[in-house]
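This is what each chain is made of:
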Amino acid sequence: MGSVQYHAPQSLEEAVPLLKEAQKTPSRILAGGTDLLIQMRAGVKTPDMLIDIKKIPEVTGIEIGPEEIRLGAATPSAVMDESVELHRQLPGVVEGMELIGSTQVQGRATPGGNLCNASPAGDGAPAMIAAGGQCVVFGSNGVRTIPVEEVCIAPGRTSLADDEFIQEFRFPTPKPGQADAYLRFIPRNEMDIAVVGVAANITVDASGTCTAAKVTLGAVGPTVVIADKVAELLVGTKLDDATLAKAGEMASGLGTPISDKRGTVEFRHRIAGVLTRRVIQIAATRAGERL
Amino acid sequence: MSKTHVTTTINGDAVEYLCEPDQSMLEVLRDNLELTGTKEGCATGDCGACSVSLDGRLVCSCLVLGVEAEGKQIETIEGIANGSELHPIQQKFLENAALQCGICTPGFIVATKALLAKNPDPTEEEARYFLAGNLCRCTGYDKIIRAVLDAAAEMRGAAS
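So the sequences go chain by chain: A and B. Counting from 1, position 261 in the first sequence corresponds to residue 260 in numbering that gives the first Met the number 0; the numbering is continuous, with no gaps. Counting from 1, position 82 in the second sequence corresponds to residue 81 in numbering that gives the first Met the number 0; the numbering is continuous, with no gaps.
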């Protein structure tokens, strides 16, 4: 890997001079390392400095409040999976993360790392976007907050500056009748990369009518596709079979997927429709149970 | 390049070492500390042969930097047996012939210990999913899964 300096700041304050240095020295932020260390070993990324953010208290942990849920960006996926309350509040966000890699990878992989790796097939982002997630971005000049969908701008590229990292995610705590879900298709049972992934965040009222919806699709374009038209179609309906069929059909036409060893363009379009239909149904069922 | 001084705990023993900042925990274990029980399969986090426990969490040691172990507790395959007495998981792997070439075995045993600590009575399906990140190219997995479920039964028996 060549020579590299390693720093593990213990606080946000301690990170500031390192982030300033990162504007001059090619650097990478180290969270779980499950993508970065492989990329370094392969020579794809060649930083001179690593800033390990896992020892900063604000960057890990889960806090669930009545209005807002805080998720530290470097919280391991396994810790998210073990949080009963996070499962209850944002099952779709947990599903996205817990599908990544093996038990071993789950012990290290983090939502901030998954997002900043900016893979078009990243499983973490679609549900975080559907849940209305915001990122608190810490930089050497202070803090700014941006929606999750504004982080990835192209495969492998983010909108974050060299002196910035994601400190935490914030989600509005779901209201009664609101729930989310994430589904992906892979060619095997476990340990693979999404061919297509779809998240839905659905709110229903006591009559079963959908009052709000957000649907997002991963791996059908360079970044996550937000299916506003599909969401519009759902609101005001009882999410009956005809509506779901139409939503699926609409989702099949979205994005600009590629053909690769995991699936062709045609297959990705088709499976996007199937997953959209199913994931809306799962989210709606969960939403009904939360009334 | 300057080496970093790391103080950590491995299998209950306080350990200090010097390592390059870009050395993986796997390289430190094998090359610096001569704990060669932990195996390198892929070195990309796919095969699980290098599984160790880091602060009680199962990880691939190839995806951890040696410098990240500062102040942590690491458990490797060398810490599983009690002196010359095999751990029930090791015993059941032998009895079920759950290994051929043996490269994946330390990783499987460390991962199985993590599984049974979390879930002492896993179903076959649960065991297979938990161990999906440990690859074996010899056995076809059936013997391994039988050994895991046998070890679970034995350990439950011993605990009750």
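Don't read these hints as lab results, they were simulated from the structure. Possibly wrong hints are sitting among the right ones.
[Claimed, not checked] Below, a list of computed lysine-lysine pairs in the BS3-like style, where the Cα atoms sit at most 27 Å apart:
1. B:Lys117 with B:Lys2
2. A:Lys44 with A:Lys237
3. B:Lys71 with B:Lys2
4. A:Lys19 with A:Lys53
5. A:Lys228 with A:Lys245
6. A:Lys54 with A:Lys19
7. A:Lys54 with B:Lys142
8. A:Lys54 with A:Lys44
9. A:Lys53 with B:Lys142
10. B:Lys71 with B:Lys117
11. A:Lys44 with B:Lys38
12. A:Lys23 with B:Lys117
13. B:Lys2 with B:Lys38
14. A:Lys260 with A:Lys237
15. B:Lys142 with B:Lys117
16. B:Lys71 with B:Lys38
17. A:Lys19 with A:Lys44
18. A:Lys237 with A:Lys174
19. A:Lys44 with B:Lys142
20. A:Lys23 with A:Lys54
21. A:Lys23 with A:Lys53
22. A:Lys19 with B:Lys2
23. A:Lys53 with B:Lys2
24. B:Lys142 with A:Lys260
25. A:Lys260 with A:Lys174
26. B:Lys117 with A:Lys54
27. B:Lys38 with B:Lys117
28. B:Lys71 with A:Lys260
27 Å limit on alpha-carbon distance, applied to hinted pair Lys23 (chain A) and Lys53 (chain A): At roughly 23 Å apart (the allowed maximum being 27 Å), Lys53 (chain A) and Lys23 (chain A) satisfy the hint.
Starting from Lys54 (chain A), check that the Cα of Lys142 (chain B) is at most 27 Å away, please. violated, 41 Å
Compare the distance between the alpha carbons of Lys23 (chain A) and Lys54 (chain A) with 27 Å, and conclude whether the hinted pair is satisfied. holds, 23 Å
Would you check the hint for Lys19 (chain A) and Lys2 (chain B), treating anything up to 27 Å between C-alpha atoms as holding? Holds - the C-alpha atoms of Lys2 (chain B) and Lys19 (chain A) are around 24 Å apart, at most 27 Å.
Given the hinted pair Lys19 (chain A) and Lys53 (chain A), is their Cα-Cα distance within 27 Å? holds, 19 Å
Hinted pair, alpha-carbon criterion (27 Å max): Lys260 (chain A), Lys174 (chain A). Please report holds or violated. violated, 41 Å
Given the hint that Lys260 (chain A) pairs with Lys237 (chain A), does the C-alpha gap stay at or below 27 Å? Not satisfied, since the Cα-Cα distance of roughly 38 Å exceeds 27 Å.
Within 27 Å, alpha carbon to alpha carbon, are Lys44 (chain A) and Lys142 (chain B)? Violated. Lys44 (chain A) to Lys142 (chain B) sits at ~40 Å, over the 27 Å cutoff.
Would the pair Lys54 (chain A) and Lys44 (chain A) pass a check requiring their Cα atoms to be no farther apart than 27 Å? holds, 23 Å
Holds or violated: Lys117 (chain B) with Lys54 (chain A), Cα cutoff 27 Å? holds, 25 Å
Given the proposed pairing of Lys53 (chain A) with Lys142 (chain B), does the C-alpha separation stay at or below 27 Å? Not OK: Lys53 (chain A) and Lys142 (chain B) at ~39 Å, beyond 27 Å, violated.
Does Lys174 (chain A) sit within 27 Å of Lys237 (chain A), going by the straight-line distance between their CA atoms? holds, 18 Å
Of the numbered hints listed earlier, those contradicted by the structure are 1, 2, 7, 9, 12, 14, 19, 24, 25 and 28.
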